[in-house]
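All the letters of the sequence shown, read from the start, carry residue numbers 21 to 229 under this note's numbering.
No lab work stands behind these hints, which were simulated from the structure alone.
In this text, a Cβ means the ideal position worked out from N, Cα and C, and glycines have one as well.
You may find that some hints are simply not true.
Straight-line Cα separation of at most 30 Å, DSS-like style, residue types lysine-lysine; simulated pairs [what the hints assert, rightly or not]:
id, residue 1, residue 2
1, 111, 90
2, 111, 220
3, 220, 90
Pair ranges (Cβ atoms, derived) [to be verified]:
id, residue 1, residue 2, range
4, 83, 105, 29 to 37 Å
5, 57, 99, 18 to 26 Å
6, 224, 111, 19 to 27 Å
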Amino acid sequence: MVQTLKAGEVTLGDLAQNFGLVITHDRQFFSEWTQASIEVTEEEIRLLERVRSNYENLITFPPVSEEAVKMVVLSPLLDLAGFYQAPFRIKTEVGTQISSLDEDGTVVTGQIDVLVISELLWVVVVESKMSRFSLTAALPQILSYMLASPHSECFGLIANGSEFVFVKLIREGTPTYSLSRVFSLLTPGNELVDVVRILKHLGQTVIGR
Numbered sequence: 021m022v023q024t025l026k027a028g029e030v031t032l033g034d035l036a037q038n039f040g041l042v043i044t045h046d047r048q049f050f051s052e053w054t055q056a057s058i059e060v061t062e063e064e065i066r067l068l069e070r071v072r073s074n075y076e077n078l079i080t081f082p083p084v085s086e087e088a089v090k091m092v093v094l095s096p097l098l099d100l101a102g103f104y105q106a107p108f109r110i111k112t113e114v115g116t117q118i119s120s121l122d123e124d125g126t127v128v129t130g131q132i133d134v135l136v137i138s139e140l141l142w143v144v145v146v147e148s149k150m151s152r153f154s155l156t157a158a159l160p161q162i163l164s165y166m167l168a169s170p171h172s173e174c175f176g177l178i179a180n181g182s183e184f185v186f187v188k189l190i191r192e193g194t195p196t197y198s199l200s201r202v203f204s205l206l207t208p209g210n211e212l213v214d215v216v217r218i219l220k221h222l223g224q225t226v227i228g229r
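Modelling step: build the complete structure from the supplied sequences, incorporating the hints.
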């Protein structure tokens, strides 16, 4: 009997059991994020400083919704990476709900929204009403969408406003995925520059398919 798994309810254990999904820590498997050397211009760096400043102002008045994160942080990044221009095509997937129990037993809910770029790059935004969801909360969901891709190799980006992590999945043979390091707006410097550089590199990779 074929089992249907809803993206909002799936776990990494479900994906391992039903699809044989495994993780690899081999750095050569996902070398795209470490080898991204595309130039980010001085003007783009100034814009990214503005994005960081805007986000710092945003979190001064919580809670921070996923819509605000998309507008203030994600949209400028996708624009600088060139994803709003041809040959890229952006569409949205239906968002899913996530929840967890707080210390006092209160159910804390969050939202995961999904953007798909040319069926090869998935971008997921995680939002929590109380900022309790880490990037890993969205990992099973983004992998579920990526496993359904018609392409044997695809990439993803999970973002919650202050943190970003890239994902690579190869479906051929044993489905295998790997993660980049976490990029954060809370560290010294502006790691949004690295995020945009990697997005540009992945964009060129997608175009070459």
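Each hint, compared with the structure:
no. : hint                  : in the structure
1   : 111 x 90              : holds, 14 Å
2   : 111 x 220             : holds, 18 Å
3   : 220 x 90              : holds, 18 Å
4   : 83 x 105: 29 to 37 Å  : holds, 33 Å
5   : 57 x 99: 18 to 26 Å   : holds, 21 Å
6   : 224 x 111: 19 to 27 Å : holds, 21 Å
Consistency with the previously given hints is maintained throughout, with no hint failing.
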